[in-house]
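From first to last, the protein sequence lines are chains R and E.
Under the UniProt record's numbering, the residues of the first sequence are numbered 1 to 502, in order.
Under the UniProt record's numbering, the residues of the second sequence are numbered 1 to 502, in order.
Everything labelled a hint here was simulated from the structure, so no lab data went into it.
C-beta atoms are modelled at their ideal positions from N, C-alpha and C, and glycine is treated no differently.
Be careful, since some hints might not be right.
The calculated label-pair distances, taken between Cβ atoms and stated as ranges, are [as the list claims (entries may be wrong)]: (1) E:448 <-> R:55: 41 to 49 Å; (2) R:94 <-> E:65: 44 to 52 Å; (3) R:264 <-> E:343: 44 to 52 Å; (4) E:227 <-> R:45: 47 to 55 Å; (5) R:185 <-> E:65: 33 to 41 Å; (6) R:343 <-> E:280: 22 to 30 Å; (7) R:64 <-> E:285: 49 to 57 Å; (8) R:482 <-> E:94: 32 to 40 Å.
Lysine-lysine pairs mimicking DSS-like chemistry, simulated, CA-CA at most 30 Å apart [to be verified]: (9) E:31 <-> R:277; (10) E:145 <-> E:31; (11) R:261 <-> R:291; (12) E:349 <-> E:277; (13) E:31 <-> E:3; (14) R:277 <-> E:38; (15) E:277 <-> R:349; (16) E:79 <-> E:145; (17) R:38 <-> E:277; (18) R:58 <-> R:79; (19) E:31 <-> E:74; (20) E:261 <-> E:220.
Number of protein chains: 2
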Amino acid sequence: MIKVDLLLRATAMATPTYTLFIGTFIHLPRKPTGADAKWRPELEIHHGALWVSNADGKIAGYDWSFSPVDGDVKALTEKLGLSGNVTEVVRAREERNEFFFPGFIDTHIHAPQYPNSGIFGSSTLLDWLETYTFPLESSFSDTSKARAVYSRVIARTLANGTTTAAYFATIHVPATNLLASLCHSRGQRALIGRVCMDNPAFCPSYYLDPSPESSVTKSKETIAHIHSLDPEGTLIQPILTPRFAPTCSPSALSGLASLAKSYNPPLHIQTHLSENKNEISLVRELFPESKDYTSVYDDFGLLTPRTILAHAVHLSPSERSLIADRGAKVSHCPASNSALGSGICAVRKLLDAGVQVGLGTDSGGDGEGEGVGDGEEVLSVEEGLYLATRGGAGVVDLAGEIGGFEVGMCFDAQMVRLGPGHLSSSSSSSSSSDAPVAAEHGIVDVFGWESWTEKVHKWVWTGDDRNVRAVWVRGRLVHSLDETPSNGRAGSQGGGCVGWGL
Amino acid sequence: MIKVDLLLRATAMATPTYTLFIGTFIHLPRKPTGADAKWRPELEIHHGALWVSNADGKIAGYDWSFSPVDGDVKALTEKLGLSGNVTEVVRAREERNEFFFPGFIDTHIHAPQYPNSGIFGSSTLLDWLETYTFPLESSFSDTSKARAVYSRVIARTLANGTTTAAYFATIHVPATNLLASLCHSRGQRALIGRVCMDNPAFCPSYYLDPSPESSVTKSKETIAHIHSLDPEGTLIQPILTPRFAPTCSPSALSGLASLAKSYNPPLHIQTHLSENKNEISLVRELFPESKDYTSVYDDFGLLTPRTILAHAVHLSPSERSLIADRGAKVSHCPASNSALGSGICAVRKLLDAGVQVGLGTDSGGDGEGEGVGDGEEVLSVEEGLYLATRGGAGVVDLAGEIGGFEVGMCFDAQMVRLGPGHLSSSSSSSSSSDAPVAAEHGIVDVFGWESWTEKVHKWVWTGDDRNVRAVWVRGRLVHSLDETPSNGRAGSQGGGCVGWGL
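Build the full structure now, drawing on both the sequences and the hints.
Structure representation (structure tokens):
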């Protein structure tokens, strides 16, 4: 199958140039329109060539009839009329079990909490906020600390193949704006939220917005910074972030809803919903006029098609219907829910109700985030990967731009390397199997007899950042393990897997 | 506190020599005799020096009043009367956040299934055996394949800090004996089980023992090999391995029970119990005379104080009591149970019933195996680590020899390195935080303000094999990331963390 977007080529610059990617491409299909609740995604596996416009980082075409092993690249570019316009060829090599996969979309991550990754104490959610979260977040008034932590978070998430992240920052405008600037310069696609929390009855006196008006005006300052940084929002977008109902006064909640509607298109919104049973009781006490927790957000006008609800563990059927009716999205955070003992989210019921669901790491850094636990029927590896790519794209309202390898989509992708098969050499008493294992190559062991589907399953269950050899966002190389980058940024010149020229 | 085992020193060789370990030592305490069900382990953290006899690999003494940072090593060895007898000093350095921790004990691991790590398909247990397990295991009639896979399993588990493993092998005597020999030469402590399965109604025709007698005689062949390899059983012990009730005929089960009793002390036994609900129904059909699944093993004389029952997910209170009464042990395999959707083991109920519980990885290679999920109250990090060390030591009947740093115990240990703290340098805009992250150093990020307890929590939640810098079994260095080992074996000479001389 050959597909070329002629329109894209026609509208590109006078002398359009391309990067050519050759090898195995694996992604999940889009859910077909009209597919019923029984639909389950399967891996789509293609071998061939795909080219990306250097001008806008979008996929300009692909040719699945081209052989990545012995195809003639020169003949291919001549056939496509790209001769002289291909600036770089990047190969995923079969013999190293390399393949291209869409970047992961982390739909819920608290950037300032990254230093507390793995520190849960014996707490549940509400204690944890008081003991660990609020003291740490309040220290981000120190912008140099924010720089150190945020730089690390971006580097770690990129290294895990996360090309897009919906970040909660802190209440501080300077530190939040810095997070936006760092994502922009490192090239990570991001939604950046300054946290709104102004309810003195719940928030600690040392860490809150002084008034409902302040929640709104400070949010506007960050929005203005992001709009000046990236006027088209091609990489960075603002997202309104009322922390969760108990931390926000009614007038802050309605003020933020109005603020969202004052933009065209309306602003993105993110918050937490029903993570924990104590939290639900608290919301019931604080908002006695609302029917349930989900209705609190709806009553204040915050349940929109651009709203991301994190966790949503304990929902009634009518809450699920309400979310579906409003077109709001859910970020499922399995690793966090399990670590904090919050409960198990009924993902399948959300999907069956027609809600779009993506995955979130919550605190970040803990691997690729495809926790695939479930209360009902266990989610398959393919469903987990679907949620981490296509599902996440829907949740951040970018389903037409990221999450797969269709022509016209942005090339937000990772190259995965599992390493050579141990038994694929002719010598059966392979010395590589006898040797002690070094840490730098990862722990996925391919023996040589696995199918591509089985290789992907091994990657999901036993892979880590060592298998993510290179990462691109909008066609720009933003992370690479096969170079020694200088200046805090992955260079575009490459040895190893990422090589120049024909 | 200073403690020296004078007896050990007096009975050592004419010129006893020692290896001196200096730094932070963290382990879990033994459960005090008479402690009630409310007892919870906390980390014991010591800073000082500990010395190990080179003759037998046992801890000969420690001095927790010695300062690892500025203590005078020469003065210490003079005070202890060890001058001239210390052949090596190994330091865990505070500035790299290094510490010594007991090696992990994996109480249930199928060595031949390692190539299928991460390949679960959409199967549950019984399908999985037919589709993935039996075809793979039967291929271990090829000893060269067994060598390749088993070498890899041992290297990977050592690299994860697993100093002791209770292995299921296959039905093949040559491949099983090879596994024993490889563990012996690589220095991993192991219980090695040739798998017994002779029931043609359940086992596939291409993979079973031809008769109940064959189950017994082939088991004896492996026992004889192990007894010739390691007559004292200091490192390698045999373990009788009826796969699980459905695969074994009644006469094989009783024959194996008699075989166990014919040795003094009786042989270790391992099998599976109540992993999955379909399996339980099957056992009920096949053994209608037994009261329940646990009673099947008891009725055949296989429920002994030297028996390890893997999984034990779905037990009635009377089954838990029966296990406790017989003194049999349980291997809890949280990662596997979750991946195969088998259910959640009620670990707390087992502990409360007085059953000794350890952790198992089942398929191996998937990290350090401290999955700490639970049906009831969530297990703490400390409880998970207790199960992985002290609990596991009890399960393999070596509670007096491994699992902690008491004098007289074997030095089965790992040195963990978390890496330097990012913000501990005086420069607040640390360049190390800005730089892209390289894969070789692991993903645990220490920022410099964490307590030792918090560092251990970060290690458990975000650490991996990259943080296990060196591993010792009986005082012998069996894995090291800071050397380039030759000859398929970690050398005893070292640069990096493991340095010679005073």
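We went through each hint and held it up to the structure:
no. : hint                        : verdict
1   : E:448 <-> R:55: 41 to 49 Å  : holds (44 Å)
2   : R:94 <-> E:65: 44 to 52 Å   : violated (60 Å)
3   : R:264 <-> E:343: 44 to 52 Å : holds (51 Å)
4   : E:227 <-> R:45: 47 to 55 Å  : holds (50 Å)
5   : R:185 <-> E:65: 33 to 41 Å  : violated (51 Å)
6   : R:343 <-> E:280: 22 to 30 Å : holds (27 Å)
7   : R:64 <-> E:285: 49 to 57 Å  : holds (50 Å)
8   : R:482 <-> E:94: 32 to 40 Å  : holds (34 Å)
9   : E:31 <-> R:277              : violated (33 Å)
10  : E:145 <-> E:31              : violated (43 Å)
11  : R:261 <-> R:291             : holds (24 Å)
12  : E:349 <-> E:277             : holds (19 Å)
13  : E:31 <-> E:3                : holds (20 Å)
14  : R:277 <-> E:38              : holds (25 Å)
15  : E:277 <-> R:349             : holds (24 Å)
16  : E:79 <-> E:145              : violated (53 Å)
17  : R:38 <-> E:277              : holds (25 Å)
18  : R:58 <-> R:79               : holds (20 Å)
19  : E:31 <-> E:74               : violated (36 Å)
20  : E:261 <-> E:220             : holds (13 Å)
Hint check: violations occur at hints 2, 5, 9, 10, 16 and 19; the rest are consistent with the structure.
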